[in-house]
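Sequences listed follow chains A and B, in order. The first sequence begins at 6 in my numbering and counts up one residue at a time. The second sequence begins at 6 in my numbering and counts up one residue at a time.
These are calculated hints, taken from the structure and not from any lab test. The beta-carbon is built from N, C-alpha and C at its ideal position, and this holds for glycine as well. Heads up, some of the hints might be wrong.
[Stated by the list, open to error] For lysine-lysine, the following DSS-like pairs were computed, each having C-alpha atoms within a straight-line distance of at most 25 Å:
#	chain 1	residue 1	chain 2	residue 2
1	A	Lys152	B	Lys138
2	B	Lys61	B	Lys38
3	B	Lys153	A	Lys138
[What the hints assert, rightly or not] Restraint-style ranges between C-beta atoms, simulated for each label pair:
#	chain 1	residue 1	chain 2	residue 2	range
4	A	Ser49	B	Leu44	29 to 39 Å
5	B	Asn104	A	Leu44	32 to 42 Å
6	A	Lys153	B	Gln56	40 to 50 Å
7	A	Gly70	B	Arg149	48 to 58 Å
8	B	His154	A	Ala80	16 to 26 Å
9	B	Tyr69	A	Ala144	53 to 63 Å
10	A	Gly70	B	Asn27	45 to 55 Å
11	B	Glu135	A	Ser94	23 to 33 Å
12	A	Gly140	B	Gly45	44 to 54 Å
13	A	Ser15	B	Arg149	33 to 43 Å
14	A	Asn137	B	Arg76	41 to 51 Å
15	A	Ala144	B	Lys138	11 to 21 Å
There are 2 protein chains.
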Amino acid sequence: MGTVGRQKLSASLEDYLEAIFNLADEAEGARSKDVAEALGVARSSVTGAMQALSEKGLANYRPYGCVTLTRSGRAVAAEVVRKHNILKSFFISVLGVDNDTAQQAACRAEHALGSEIIGRLLSFIEYVTESNKNGHDVADEFRRFHKKHATRQAQMVTQ
Amino acid sequence: MGTVGRQKLSASLEDYLEAIFNLADEAEGARSKDVAEALGVARSSVTGAMQALSEKGLANYRPYGCVTLTRSGRAVAAEVVRKHNILKSFFISVLGVDNDTAQQAACRAEHALGSEIIGRLLSFIEYVTESNKNGHDVADEFRRFHKKHATRQAQMVTQ
DNA sequence: TAGAATAGTTAGGCCACCCTAACTTCGTCA
DNA sequence: TGACGAAGTTAGGGTGGCCTAACTATTCTA
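Can you make the complete structure from the sequences, with help from the hints?
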C-alpha cells in the first residue's frame with residue numbers, strides 16, 4: 006500500500022488523524038497518551054486506531070514509538086482540519102455563535118459535510134468579510150436581525 | 006417508562022424515527038418494509054430498531070403490526086425533520102447548492118448540529134429572505150461573488 | 001544501574017448496527 | 001378454505017469502536 010486511494014474513513018478514524026495532526030510537532034510525532042487525552046478515550050483504544058491507520062497507509066506506527074502521519078495521512082488530516090476551521094469560522098463570524106458551541110459543532114459536522122458545501126461555506130465567509138469592507142456588513146446586519154427576532158427562538162424547548 | 010426524558014438518540018435511531026415520521030399516514034402508521042426501503046437497510050434491521058425505539062417509549066410497536074410514533078417519538082422526529090429542512094433550505098437558498106447535494110448533506114448534518122446553531126441558521130435564512138425584499142438580495146449577491154471566485158475552488162482536489 | 005513510575009500493548013468483553021438465511025405470520029384469491 | 005407469496009421475525013454472524021485489567025516496555029531518578 007502507501008499512497009493509495011482514500012476509501013472513506015470513519016468519523017472516528019478521522020478524529021484520530023486530526024488529533025495526531027494537531028499534536029505532532031515536526032520532529033517528534035504524537036504521543037499515544039496525548040491522543041488518548043485529546044479525544045477522551047482509553048489509551049488502548051488509541052493503539053487499535055493507530056494500527057488501523059497504519060494498515061491504511063495513513064500513519065507511521067510502530068509499537069512504543071511516536072506516531073507520525075504519512076504523506077497521504079497528512080493530506081486527509083489537513084482536509085479534516087480545513088473543514089473544521091471553515092465550519093467553526095462560519096459559526097462564529099457569520100452566525101455569531103460562541104466559541105465553545107462553534108468548536109463542538111464543527112467537530113461533529115466536519116465529518117458530515119462534503120467539500121462542495123464546505124467550499125461554498127468558505128466562499129460565503131469571504132463574501133461576508135468583503136461585505137464588511139464595502140460598508141455593508143452582512144454579519145453585523147444579521148446579528149441585529151437575529152437579536153430582534155430572538156424572542157421566538159428563546160421559547161423553543163429542544164435539546 | 007413512556008414519556009420519559011430524551012437520552013441522546015443515536016444517529017441511526019434518529020434516522021428510523023424520521024423515516025417513520027415521513028412514511029406514517031395518520032391512521033395506518035408505517036410499514037416495516039417501507040422503512041427498510043427508505044433507509045436502504047434489511048428488513049430485519051428495521052425489526053431491531055423498532056424494538057429499540059419501542060423500549061425507549063418512542064414508537065408503538067408490536068410484532069406484525071404497523072409502527073406509529075408515540076407523542077414523544079413524534080416530538081423527537083419532528084425536531085429531526087425540522088433540522089433537516091432548515092439545513093437543506095440553507096444549503097439551497099443561501100449557498101446555492103443543488104437539490105441532491107443539499108438533501109444528502111442535510112441527512113448527515115442533521116444529527117451533528119444542536120438547536121442553537123440550527124436556530125441561528127433558520128434566522129439567517131429569514132434574514133436573507135428579508136434582504137431580498139429590501140432590495141438588497143444577499144443570496145443573489147453571494148451567488149455572483151461565488152461564481153466570480155469559483156475558479157480557485159475548481160482547482161481543488163479533495164473528495 | 002535498579003527499581004518505581006509512566007506509557008503502551010494485549011486480551012477479553014460489551015454494545016450498536018448491520019447482514020443473510022431460515023422460519024413464521026398474514027392476506028389474498030382460486 | 002387452503003395454499004402461496006409477501007411481509008415480518010428470529011437466529012446467528014461480522015465489524016467497528018469502546019472499555020477494563022493485566023501485562024510489557026520505557027524512562028526517570030535515587
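Problem - Range agreement (Cβ of arginine 149 of chain B with Cβ of serine 15 of chain A, hint 33 to 43 Å) - result: holds, 38 Å
Problem - Hinted pair lysine 61 of chain B and lysine 38 of chain B, Cα distance within 25 Å - result: holds, 22 Å
Handout entry: C-beta pair asparagine 104 of chain B, leucine 44 of chain A: status relative to the range 32 to 42 Å that was hinted
Key = holds, 36 Å
Exercise for the section: Given the range 48 to 58 Å, decide if the beta-carbon distance of glycine 70 of chain A to arginine 149 of chain B lies inside it. Expected result: About 52 Å separates the Cβ atoms of glycine 70 of chain A and arginine 149 of chain B, which means 48 to 58 Å holds.
Exercise for the section: Just tell me: holds or violated, for the beta carbon distance of tyrosine 69 of chain B and alanine 144 of chain A against 53 to 63 Å? Expected result: Once the Cβ atoms are compared, 55 Å apart, the range 53 to 63 Å for alanine 144 of chain A and tyrosine 69 of chain B holds.
Handout entry: Pairwise beta carbon distance, glycine 70 of chain A to asparagine 27 of chain B, judged against the given window 45 to 55 Å
Key = Between glycine 70 of chain A and asparagine 27 of chain B, where Cβ atoms are some 50 Å apart, the hint holds.
Problem - Pairwise hint evaluation, lysine 138 of chain A against lysine 153 of chain B, where the allowed Cα distance is 25 Å at most - result: Distance of about 18 Å is within 25 Å: holds.
Problem - Outcome of range test on Cβ distance (serine 49 of chain A, leucine 44 of chain B; 29 to 39 Å) - result: Holds: the Cβ-Cβ distance is about 33 Å, inside 29 to 39 Å.
Problem - Verdict for glutamate 135 of chain B, serine 94 of chain A (Cβ pair) under range 23 to 33 Å - result: With Cβ atoms ~24 Å apart, the hint holds.
Exercise for the section: Would you check the hint for lysine 152 of chain A and lysine 138 of chain B, treating anything up to 25 Å between C-alpha atoms as holding? Expected result: holds, 20 Å
Practice task
May I ask you to test the hint 11 to 21 Å on the CB atoms belonging to alanine 144 of chain A and lysine 138 of chain B?
Solution key: Taking Cβ atoms as reference, alanine 144 of chain A and lysine 138 of chain B lie about 20 Å apart, which means the hint holds.
Exercise for the section: Check the following: the C-beta atoms of glycine 140 of chain A and glycine 45 of chain B are separated by a distance inside 44 to 54 Å. Expected result: holds, 50 Å
When each numbered hint is compared with the structure, no violation occurs for any of them.
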